[in-house]
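J.: Residue numbers (the working numbering), protein chains in the order written: chain A, 1 to 257; chain B, 1 to 441.
For the record, the hints were derived by calculation from the structure and aren't laboratory data. Be careful, since some hints might not be right.
[As the list claims (entries may be wrong)] Calculated pairs, EDC-like style, for lysine to aspartate or glutamate (alpha carbon to alpha carbon, straight line, at most 20 Å):
#1 A:K47 x B:E217
#2 A:K46 x B:D189
#3 B:K429 x A:E185
#4 A:K47 x B:D181
#5 A:K14 x A:D24
[Said to hold, decoys possible] Some chain B residues well away from chain A (every beta-carbon gap over 10 Å; in silico):
#6 T93
#7 P215
#8 V359
#9 V380
Every residue gets a Cβ at the ideal spot worked out from N, C-alpha and C, and that includes glycine.
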Amino acid sequence: MAIGETIRNSQIWKSIFRHPMPLDRRNRIVVMLTNFFLHLHPVSIKKQGIALSFTWCMGGVTFFLFLVETVTGVLLMFYYRPTLEWAYNDILALRDVTSLGILRELHRWGAHAMVITTWLHMYRVFLTGSYKPPREFNWVIGVILLLLTLLLSFTGYLLPWDQLAIWAITVGSNMARATPILGYEGPGQQLLTIGGIDMITDGSDARFGLLGARFVGEETLNRFYVLHCIAIPLATALLLAIHFWRVRKDGGISGPL
Amino acid sequence: MHSNGLFLKDVAGFLGSYYTGLAVMNAVAALILWRKKGQFGWAVTWAVFAGAMMILASLALSGSESLVPGLPLAARNLVNKLSGPVLYTLGTTALFTILFVFRKFFVQPMAAWMVFNLALVLMGLSMADANFASIVMKPDNVPIVGLVFLLAFFTWVATKQAVVNDERIKQGLPPMEKLDDEKVLVWPDLVYTELICMVAVSAFLLVWAIFLPAPLEEPASSVKTPNPSKAPWYFLGLQEMLVYFDPWYAGVVLPSLVVFGLMAMPYLDFNKKGNGYYSIEERKFSYLVYQFGFFELWITLIILGTFLRGPNWNFYGPFEYWTPYKVEVLNNVDLPQMFWVNLLDRPLPRAPQGAGTLVQIGTILLREAPGLALLGAYLVLLPPLLAVTVFRGFYARMGFIRYMIMANLMLLMLSLPLKMILRWTLNLKYLVSIPEFSLNF
């Protein structure tokens, strides 16, 4: 006990945690206001609003899974090389020989779980009518986050560079070929013909933009890697921040008026 | 595929622990009920059920082909024979309708527990079939099995509260959520819950990761096309739509409309009731529309696309072997063909050789006139017609623009089931088919 006492009275501890342990009412309030991570939350909340049967905790679980994906993903980036030569072999090694290769399992299953929990979170928000005013705009941000979650999962699907990966992405990205006007097999692509020269070809259409090539190849691997590890996570993090901020600004967890 | 003996060796151990798990689960339930007043009958029922599960477990663990409990071959063959996209869609629709109409019955804990147990036993019995097991246990398909049970559970949780609230509102009482207006401090009441949730999710994920290796197939090869080639599981509903629509609509326009429709939802739903608590009666229309879109058009199509679509995207029954040689007769016909050739007994209108652009376009329009007229009536005439009949109240409260957006979104959403029905009944391929502009609908 004495050691704990000494630590809590040391200058270092006090410089980090500016208040005593949150054991009494006053300090439990203070901790919410002074801690960077906790200040996302209000100080007090309606008891009904945090009942598990009401919220299912699915939004929180989704965010936690996003953090799991970030941590395991960064660790995997130290090991995995997104090139045709190495991508598959690195994943194979993660499965068979590398210590902590289970990180890949965590990352993959976490990703599937995150898609599911996002749907469940949305389902709960719908069923409690929580998208209604004043929370309309936060629902819209939520829909964009759903889309980003699916895109994160989709871009990550390619990285192991096995049969499952490239053919799933081939099937998925073939849709872009049929984009109206902008896909070279899409309706109305003939409209973008200037002086007899077809502007939309298999080397310039929406699918080419997505894949970086006419078929799923090394350019696609690189493109999806950058999207998966940097572009989409950044966008997601920004929108998550707005999403959480708006939860507070729109009146906290919903409840009957 | 495995010969049955080899396969059983793999699956018997799993089924043994599966049934043991069921037995333990029901024994715990029996124990809890036994300690409650007036539940003695149910306690005995589930204790007996737990005993039966122990017997199934030991039979499964025997690993002998004649003893592992499974569905009789005749029953499996019958299911395979009967099942098809039509029966699957109608069956799931009927199931959802029954669950919705009789929700007051199904939300009772004992009724739900019984349905849950039946589903699990049926699942276990099916797993003894090599074809069923090989698809359900494919690593990337496991999350969908989880999704189905999670969705069932949470729908039950929500419906249970909605039924109570609806009853209370009918009696003029506030919803349950209103009763507990007390405020609590976030530390400790919420942060501890979050901590426990995080620990639980981490533990769950670790166990999952330890016991189920992430899928890794052969190295990628752009010349070896797998049959079937499937998109990631959460997009398989969209891939299933490709059966009925061309990629520009099923793969690009409809998904965009889904996203747009979801975003528009809070601005279209003018009903102020049911905000912040579970209820069905107070917002029946929006509830049914959402459930129809989510369950009928998203989840069941994903399940269909994952578990029942095999090589060449043919339909395979749940216990059917995925042979790539299954042939399905495709005799779908376009509407212009039906109209001009079959009905009027004339050739399709065709522009004369070397005709100008205008003549060519005119001919196309003439050829596609029946389809275009139908589509025009559906998308242009139907919304105003609905506005003065069924949706009169909606139109009055929503105003012109909001109403038109809602009506068109709903009609486009219904275009999928309608096209399915047209395909099944008339073998209709396209309503409008303009290959000259890659525009088929």
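J.: All hints are to be evaluated individually against the structure, with a verdict given for each.
T.: Comparing the hints with the structure gives:
no.: 1; hint: A:K47 x B:E217; result: 49 Å, violated
no.: 2; hint: A:K46 x B:D189; result: 10 Å, holds
no.: 3; hint: B:K429 x A:E185; result: 19 Å, holds
no.: 4; hint: A:K47 x B:D181; result: 7 Å, holds
no.: 5; hint: A:K14 x A:D24; result: 18 Å, holds
no.: 6; hint: T93; result: 19 Å, holds
no.: 7; hint: P215; result: 6 Å, violated
no.: 8; hint: V359; result: 17 Å, holds
no.: 9; hint: V380; result: 19 Å, holds
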